[in-house]
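**Q** Sequence:
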Amino acid sequence: MTEPRYDAVIHAPNRLQISAMLAAVDSMEFSRVRESLGVSDSVLSKHLKVLEGAGYVEVTKARGASYPRTWIALTRDGRRALAGHIAELRRIVDLADAPPGGERKTPPPD
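Per our numbering, the sequence shown runs over residues 899 to 1008.
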């Protein structure tokens, strides 16, 4: 089981979405990530620099047929950090379902 661990680098909404998208694939092209998020090149680049600085993503440039292509991959450390952060978010959400006294406010649904 993954240990719950809050990660301030991943927590920013765009970085959380980037990490989640990359977790599902080996790598993804920059333009596809940008379009999925609906952000500009500069906004995506800024978030990738933060993730890359933390060692969570690897950015690779490759020659395309007519233009260079940029690929982004979540690293092993990035995958671990994302899993820990998701576990922590789930732990926090679970607090709403189990009040401190241990009694539910309402009965659970059938």
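In case anyone wonders, no lab produced these hints; they're calculated from the structure. Accuracy of the hints is not assured; some may be wrong.
Derived DMTMM-like pairs: lysine to aspartate or glutamate, alpha-carbon spacing no greater than 20 Å straight-line [to be verified]:
#1 944 with 933
#2 959 with 986
#3 947 with 933
#4 947 with 924
**Q** Run every hint past the structure and note whether it holds.
**A** Checked hints:
Restraint check for residue 944 and residue 933: the C-alpha separation of about 15 Å stays at or below 20 Å, so the hint holds. This hinted pair does not check out: residue 959 and residue 986 have alpha carbons roughly 33 Å apart, beyond 20 Å. The suggested pairing of residue 947 with residue 933 holds, with an alpha-carbon distance near 18 Å, which does not exceed 20 Å. At roughly 19 Å between alpha-carbon atoms, residue 947 and residue 924 fall within 20 Å of each other, so this suggested pair holds.
In summary, the structure is inconsistent with hint 2 from the numbered list given earlier, while agreeing with all the others.
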